[in-house]
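S.K.: Chains as they are written, first to last, in UniProt numbering: chain A, 1 to 363; chain B, 1 to 363.
FYI, nobody ran anything at the bench for these hints, they're computed from the structure.
Every clue listed holds true.
Here are the simulated lysine-lysine pairs, BS3-like style, with alpha carbons at most 30 Å apart:
no.	chain 1	residue 1	chain 2	residue 2
1	A	K232	A	K220
2	A	K250	A	K288
3	A	K156	B	K335
4	B	K85	A	K94
5	B	K156	A	K335
So the derived list for chain B, only partly shown, Cβ under 10 Å to chain A, looks like this:
no.	residue
6	T159
7	S163
8	I165
9	A174
10	I179
Partner residues are not named here, just some residues of chain B that face chain A (Cβ under 8 Å, in silico):
no.	residue
11	K156
12	G157
13	N158
14	A160
15	L161
16	L162
17	T164
18	W169
19	R172
20	I173
21	A176
22	A177
23	Q180
24	M181
We treat Cβ as the ideally placed atom computed from N, Cα and C, and that holds for glycine.
There are 2 protein chains.
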Amino acid sequence: MRKIGKQEIEDIAVGAALLGTGGGGDPYIGKLMALQAIEEFGPVTVLDPEEVPDDALLVPSSMMGAPTVMLEKVPSGEEAIVAFKQLEEYLGEKIYATFPIEAGGLNSMLPFVLAARLGLPVVDADGMGRAFPELQMVTFYLDGISATPAVIADEKGNTALLSTIDNVWTERIARAATIQMGGSVMNAMYSMRGKDIKASGIPNILQLEEEIGKTIRLAKENNANAIEEVLKTVGGFELFRGKVTDIDRKTETGFARGVATFEGMDKYKDETLKLRFQNEHLIAQTEKQLLCVTPDLIAVLDAETGLPITTEGIRYGARCVVIGIPCHPKWRTEKGIETVGPRYFGYDVDYVPVEELVKGAAK
Amino acid sequence: MRKIGKQEIEDIAVGAALLGTGGGGDPYIGKLMALQAIEEFGPVTVLDPEEVPDDALLVPSSMMGAPTVMLEKVPSGEEAIVAFKQLEEYLGEKIYATFPIEAGGLNSMLPFVLAARLGLPVVDADGMGRAFPELQMVTFYLDGISATPAVIADEKGNTALLSTIDNVWTERIARAATIQMGGSVMNAMYSMRGKDIKASGIPNILQLEEEIGKTIRLAKENNANAIEEVLKTVGGFELFRGKVTDIDRKTETGFARGVATFEGMDKYKDETLKLRFQNEHLIAQTEKQLLCVTPDLIAVLDAETGLPITTEGIRYGARCVVIGIPCHPKWRTEKGIETVGPRYFGYDVDYVPVEELVKGAAK
Chain A
1 MRKIGKQEIE DIAVGAALLG TGGGGDPYIG KLMALQAIEE FGPVTVLDPE EVPDDALLVP
61 SSMMGAPTVM LEKVPSGEEA IVAFKQLEEY LGEKIYATFP IEAGGLNSML PFVLAARLGL
121 PVVDADGMGR AFPELQMVTF YLDGISATPA VIADEKGNTA LLSTIDNVWT ERIARAATIQ
181 MGGSVMNAMY SMRGKDIKAS GIPNILQLEE EIGKTIRLAK ENNANAIEEV LKTVGGFELF
241 RGKVTDIDRK TETGFARGVA TFEGMDKYKD ETLKLRFQNE HLIAQTEKQL LCVTPDLIAV
301 LDAETGLPIT TEGIRYGARC VVIGIPCHPK WRTEKGIETV GPRYFGYDVD YVPVEELVKG
361 AAK
Chain B
1 MRKIGKQEIE DIAVGAALLG TGGGGDPYIG KLMALQAIEE FGPVTVLDPE EVPDDALLVP
61 SSMMGAPTVM LEKVPSGEEA IVAFKQLEEY LGEKIYATFP IEAGGLNSML PFVLAARLGL
121 PVVDADGMGR AFPELQMVTF YLDGISATPA VIADEKGNTA LLSTIDNVWT ERIARAATIQ
181 MGGSVMNAMY SMRGKDIKAS GIPNILQLEE EIGKTIRLAK ENNANAIEEV LKTVGGFELF
241 RGKVTDIDRK TETGFARGVA TFEGMDKYKD ETLKLRFQNE HLIAQTEKQL LCVTPDLIAV
301 LDAETGLPIT TEGIRYGARC VVIGIPCHPK WRTEKGIETV GPRYFGYDVD YVPVEELVKG
361 AAK
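All chains, please: the whole structure from these sequences, using the hints.
M.R.: Structure (structure tokens):
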């Protein structure tokens with residue numbers, strides 16, 4: 001058990017945006033929301049999963065929709081409270097704690113906003129260890145935990161309580177409703193018990209996010225090489241260095257989809273990297289070869305500061321370093337690859353772990 | 001109070017399909033479902049609205065989606081029971097009776113299926129006096145009765161309980177969810193009290209439907225002119241007689257939209273009628289003039305038998321009589337015209353009552 005104050009929030013926001021692999025919401029908005037909530041209601045208690053009673057009722061905090069929309073439609077947090085209260089009423093039981101559903105600038109911050117406002121602790125675990133675009137893309141789905149009963153709530157006051165036959169149906173129906181509700185909504189879904197988060201969650205993700213954020217912050221203060229330090233912290237690989245020469249993105253069917261093109265610099269001169277995304281970065285490849293593919297993590301960092309850049313933040317001319325990070329082993333199982341591997345997203349490539357691809361590239 | 005058995009169901013199904021103005025679902029499927037339920041559970045009690053206690057909880061039976069889809073996805077009635085039970089549980093109160101939300105081959109039969117299976121009476125009133133394609137298009141909306149809490153349920157076992165800020169939002173969100181759920185769903189929405197149906201419903205609609213069906217049946221038995229008899233029963237007008245020469249329909253955004261072309265016969269020779277529909281027939285016009293426009297009712301009848309033809313039933317070469325019927329006065333108010341008038345559906349014409357249009361045509 002530890003207390004999370006403003007400095008921790010600043011660091012977690014940066015680390016979460018990096019693990020958010022371009023998605024998971026805007027870290028600046030997320031941070032502001034969390035800082036304001038802590039300012040108003042005081043520091044938030046974070047529990048290690050092992051500190052949570054086995055039968056405690058937990059509900060993750062999350063938002064769904066296109067990040068491009070979230071930028072224009074800043075959530076107040078009020079709709080998340082509406083969703084939580086409605087789910088609590090439906091279940092007839094008090095929620096013991098919340099936790100982030102995924103890593104991401106916004107979705108890692110939401111639990112702190114809700115926890116501060118509702119007086120709940122936050123459990124240090126999530127359901128991805130990164131960010132993914134669809135609701136069923138959580139380790140909980142791999143382990144057979146139902147997404148429903150699920151409440152989605154918009155900022156206008158509309159809510160929907162879903163009960164579906166499986167989590168893919170939750171995704172379909174909630175996504176269609178989300179588009180009607182203005183493109184983004186707050187969720188209260190994947191309610192579970194303490195024993196479930198211990199068995200199925202990805203533990204100590206907030207701690208890792210905080211370390212990443214701290215590493216980047218200290219590198220700046222000490223004039224150290226932020227990228228090198230980050231790669232050590234996350235156990236990742238540099239994939240490419242380049243300048244953004246083209247960025248093509250559109251918001252369709254509730255997602256921000258697109259491709260960014262980077263022209264190589266330094267030792268990558270004369271090479272071109274294409275980075276494809278659907279809310280999150282999913283595949284990085286040059287003309288010559290595949291460098292990293294989902295579910296492994298692909299993060300775009302500012303070449304100078306090492307700060308992560310979301311898909312919406314990728315700007316023409318920006319000098320970036322693209323890095324790859326091995327995903328959690330749960331995603332490398334057969335059901336994991338089936339659920340979030342490249343073929344699910346329509347790419348005609350097999351999943352190969354980033355550490356093997358990088359070895360090939362170094363030859 | 002009276003009992004409804006098999007003959008009454010047969011007659012009501014025909015009359016409901018006529019008032020369904022091309023929509024409201026397939027009368028054959030609806031009839032089969034109701035007959036089967038009555039066969040199994042016995043006759044259903046129908047109450048006059050005035051026989052219902054003021055504080056009784058009433059929930060209309062209805063289905064939403066494209067009729068073209070309903071033809072392929074025959075509802076078992078099971079999903080309607082799921083929706084009713086979930087709404088009952090949410091409201092914490094037993095449902096006293098059900099009633100049809102609209103006139104239509106399927107939607108006028110559903111209350112009998114549910115009533116038989118759940119042992120409830122049916123109230124002889126609906127919310128349209130005809131059929132309309134969208135959820136907010138009910139007299140209840142004109143009178144400020146909320147559509148939510150609303151449950152929608154599909155045949156797979158998925159449900160959504162909606163709570164929205166107004167009935168237009170219910171329509172938007174439920175429609176999007178319906179499309180995902182396979183194009184049609186069962187609803188439990190517009191729960192209300194006995195006093196509401198007395199003040200806001202269109203009373204004795206089942207009685208009128210039964211009379212229409214009986215008129216057509218007896219005309220056949222007595223070799224009488226079915227069309228003439230029907231026009232007397234409903235107080236309607238013959239608009240056109242012709243042969244279908246073209247029918248263009250597609251199912252999009254959850255609706256069956258299209259236009260049917262009729263080449264005139266008898267005294268309408270050398271004229272052509274265009275009939276535009278969105279689930280229901282909305283506008284009938286020849287090259288020369290407008291003949292009938294929503295919210296007045298446009299029905300297509302088989303020229304020989306007088307039996308109503310739904311939009312999906314319109315076939316190339318069919319010889320038809322198109323009739324117009326004045327709508328209920330509630331639809332002729334300012335809010336009525338705003339909600340279901342021609343401009344709402346995108347037609348650049350003003351509403352003129354069918355009796356005035358017909359007078360003009362006769363000149």
